[in-house]
Amino acid sequence: MNQTVVSYLSQYEFYDVLLAAFGKNEGLLAFAIYLLGGVIIVGLCATIGGLGTFAERKISADIQQRLGPNRVGPYGILQFLADGVKMMTKEDVMPFTADKMLFYLAPMLALVGVFATLAVLPFSSGLMMADLNVGIFYLIAISSLVGVSVFLGGYASNSKWSMLGGMRGASQIISYEIPVTISILAVTLLAGGMSFGTIMSHQRGLPTNWFIFHNPFAFIAGFVYFIGALAETNRAPFDLPEAESELVSGYHTEYTGMRFGFFALAEYIEVFVVCGVGAALFLGGSNLPFDISFDIIPLQLLEVVIFMSKALALYYVVIWIRWTFPRLRVDQLMAICWKYLTPIAIFNLIGCAVWVVVFNGKSIAELIFGH
Amino acid sequence: MMGLASYLIISLILFVIGITVMIARKNIVAILLGIELVLNAAALNFVAYSRFATNNLDGHIFSLFIIVVAAAEAAVGLAIVIRFFQIKETIHVDEATTLRN
Amino acid sequence: MTPANFDGLMPVVIFMGLAVALFVGGHFASVLLAPKKPSHLKSTPYECGEQPVGSAWSMFNVRFYVVGLIFIIFDVESVLMFPVAAIFRELNDMGHGGYALIVFLSFISILIEGIAYCWKKGDLDWVKSFQVSTKNNK
Amino acid sequence: MFAQFLFISSALLTLGGAVAVLVTKNIMHSCIYLLASLIGIAGLYATLGADFVAVTQIMVYVGGVVILMLFAVMLTGGKDFVSRAQNLLGLAPSMGNRWTFSVGILVALVFLATNIKLILNVSKSIPAKTFGNEFPSTVNQIGHLLVKEHVLAFELSSVLLLGALVGAAIIARPRKQ
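Protein chains in written order, with this note's numbering: chain F, 19 to 389; chain H, 2 to 102; chain R, -15 to 122; chain X, 861 to 1037.
The set of hints was computed from the structure by calculation and includes no laboratory data. For glycine and all other residues, C-beta sits at the position ideal for the given N, C-alpha and C. Where hints are given, some of them may not hold.
What the hints assert, rightly or not - Residues on chain X that point at chain H, a partial pick, calculated with CB under 7 Å:
1) 901
2) 963
3) 972
4) 998
5) 1000
6) 1017
Based on the sequences and whatever the hints tell you, model everything.
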């Protein structure tokens, strides 16, 4: 329980060597390890976010039978670095009617909200940064900062397109938070705890132990979560806040250069985070198949690879959906959230609760094969 | 440093600022902001006493319900503000002189 | 279960700090690298090349508030359901499964009443909410 | 060590945000300062070992109440916003004047003076407990309290929220004048 990277490393001998090097100060050593891990994870996720833009263009080109970016580096894979440099060297323009403080603050809130969720993302069973007892609940709560930042970005620009996009974006994000939260509530109920450690430990072994295959209600809840997460990250077909054919560019119309880059980075990392959470909650997360229980560091790295491949597979599905489905109308958007997803999510929650009581928490596979 | 007294003093300052906001502002939304500060000060007191003076978590439950009630209060209060604005076209609190409509 | 210590909260603060540091650093790089040629026309709000009329900070439709209202009620209810859901299995293993189910279901049923009310009154319809409610309220 | 750091930074964020709510003249800014203050209070809860209450604070306030307030400001902005954007008035209207501020601060000082003494006595009469670095989970205990001792409050809170939803929806629903 509550295994973090520090408590994991402390079972090895080199931890004592490090501890001696830090003058027996455990807090300081923990800080150093966490800081190093944080920098690594942020760098990794920023790269994934950058590669996300590249993957998006490549995959869309594939789907539309084009070539896509192919000039910078082999297969154009360094395109995201070129984009980043371009953003840094662009002039920052701020409308003279803007609310200056909030104009600065909005991208920062988006970054803080998204990065803070990375702290609890379960990359592997041992190398997890923080395994809070309220892990998944914390993740939902802190990611709602993104909604505030979308609203503020729209408001502070004082442009009519931005304002419309910001209002739409904030109401869309908060609406879709409800089906997502209730689906996660169903998982909490099945796992009997909110920390990612508890949730993962219930999905050990074969894929039949994954929560998406636990019972029919959890299966539907997985899809409800995924649809809601698409909408929460403003991805197509729910990209109404930034619908370029209706609202120019939505809440970041007036943002240029680096500040636009921060919004884009936050958005792409958030897509990765919701995919990772989906993988952890419903697809077994970083658990190795067959419940291998040697505790060595290469195995932990293998778990990281498993987690990442699950999350990135979901990421691919997200991009695939974007280039397949047309955008919804705004009234359809609200109708899907409140008239379909939320009742279905509540129904799933009740179903899971009844299932736990009636079948004593056993999954379908356990009932059929009886172990 | 992290004793009961420091939490109580933080909570008191928060409460006093909330009261001042409620009295000084004439904008109804700003008055609601002051009310939120006051409620948070109370909830902080409950949790602090729960840690330092008792051994159970009843204080946590209390502050949980304070948060719930504060959310309901904000929802209804802001609805009243919006309705008031539709009628009077202002949110200056001194304009709220009628009890009907 | 061994009690965790406060150091377990460190990553949360560290990641927030990294976000702020990245923001400040990116700004700094941008200030160093980016050209600065401000002009009045460049800093007008973008309205497809037209001269902007008035401010964008104007009134919006009340339906945005109604959506926010329904959201916050559901949000608070889900907050209260989280700890109960977290111990639901434990209660079931202790043999109080039926009792827990009754408590849980009666809580959810009141939630369902709320959404049913809003559905019937047309608050969930984005477009029609105005016409329907004028009919009902005179 | 880290707990002290968390405590000091949260306390500074809380008090700084609250003071900024008091002095700023812009209602939008004061909502954002309130956000800062509320996040600081969540940090203070965390230093008290109340992990669930801290996250609830963030969830309900940051995700809910503050967004609702920002919406309400946008919905009631109207003339006030236009006049400020065109600089017709130096200050945002209805945010108080010198007279109301002096009355408010007077009340605050009286209240502060009467309570400081009370708090010092209270903190003396309660024996000082020392806490180590432990941070045990409160979720399970809160869950048990909610379904056992406080089950009536738990159920009634849902009725309260239903009442708030229905009432606020009736009040705020758009209708013809």
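Structure-based check of all given hints:
1. Interface hint at residue 901 of chain X: satisfied, since its Cβ lies 5 Å from the closest Cβ of chain H, which is below the 7 Å cut-off.
2. The closest approach between the C-beta of residue 963 of chain X and any C-beta of chain H is roughly 6 Å, which is under the 7 Å cut-off, so the hint is satisfied.
3. With a least beta-carbon distance of about 5 Å to chain H, the hint placing residue 972 of chain X at the interface is held under the 7 Å criterion.
4. About 6 Å separates the beta-carbon of residue 998 of chain X from the nearest beta-carbon of chain H, less than 7 Å, and the hint is met.
5. Given the 7 Å rule on beta carbons, the hint for residue 1000 of chain X is violated: about 10 Å separates it from the nearest Cβ of chain H.
6. This hint holds: residue 1017 of chain X has a C-beta 5 Å from the nearest C-beta of chain H, less than the 7 Å allowed.
Violated hint for the displayed structure: number 5, the only one.
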